[in-house]
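Asker: Sequence order for the protein chains is Y and H. Position one of the first sequence corresponds to residue 0 (numbering that gives the first Met the number 0), numbered consecutively onward. Position one of the second sequence corresponds to residue 0 (numbering that gives the first Met the number 0), numbered consecutively onward.
Among these hints, one or two may not hold up.
[Said to hold, decoys possible] Calculated cross-link-like contacts (lysine to any residue; reagent style SDA-like; alpha-carbon spacing at most 25 Å):
1. Y:K131 with H:P78
2. Y:K65 with H:A71
3. Y:K131 with Y:A16
4. Y:K65 with H:P51
5. Y:K131 with H:A43
6. Y:K131 with H:A13
Since the hints were made in silico from the structure, they are not lab data.
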Amino acid sequence: MAQARVLIQTQDFDVSAQIAALHAHDARVGAVCSFVGLVRDRNTGPNAALRINSMELEHYPGMTEKSIEDMIDAAHARFDIFAARVVHRVGLLQPLDAVVLVAVSSAHRGESFKACEFLMDYLKTQAPFWKKETGSAGATWVDARVSDDAALARWGIQAKNA
Amino acid sequence: MNVTLKYFASIREAIGQPSEWVQTQSKTIGELRAELAQRSPAYALAFAPERPMRAALNQVMVDASAPISEGAEIAFFPPVTGG
């Protein structure tokens, strides 16, 4: 059975187990690169003193999985990698919680490093998730960042999000 | 034609429901957005032209010029903030 490349779930994930599953029994793999995104309790900028108590992650079931699958296909087309997987949590999360894992395998490290960053930059601007933060000031939807569009543009992808 | 509409995040909150079926004469996503803005004050606010908005057609991100077809699933949502 083909391994799941994209998991969208409410539960926490085990980074070690996910990485092990990514390259299990594949002795071609010389490099695995992974990224973990976490929930912070604060933002930078004008509201830096405010604390976030929880974060709600909404998504578009169906499109979420499909869009990330397409991003992984794009990573395979651009980089010499063996496998990639993404786990992204949804639902109610707290500061310190893991939100997202991107893991990539290749023969040598250069391709994995690049593909991992590519997938994160792509996901940040094109995967249908929305974050709502709750703190002492109430609940607010997080704004998309222009800097994320710029990050995606570095890979030659012009896609407007923010 | 008949299409299914889905709304997410602050757009959903502004409209007050996550989805609905509509009959429309609009030919593109952009026309449909303008048409929806006419429905009521709440829709006008949700679909105000200055409000940044993204759309998906049958679960693929598209821009305002994308043509719509009978039975399509069309989603309107704010810029995404995942990862």
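Asker: Any hints from earlier that this structure breaks? Give me their numbers in increasing order, please.
Answerer: Number 3 only.
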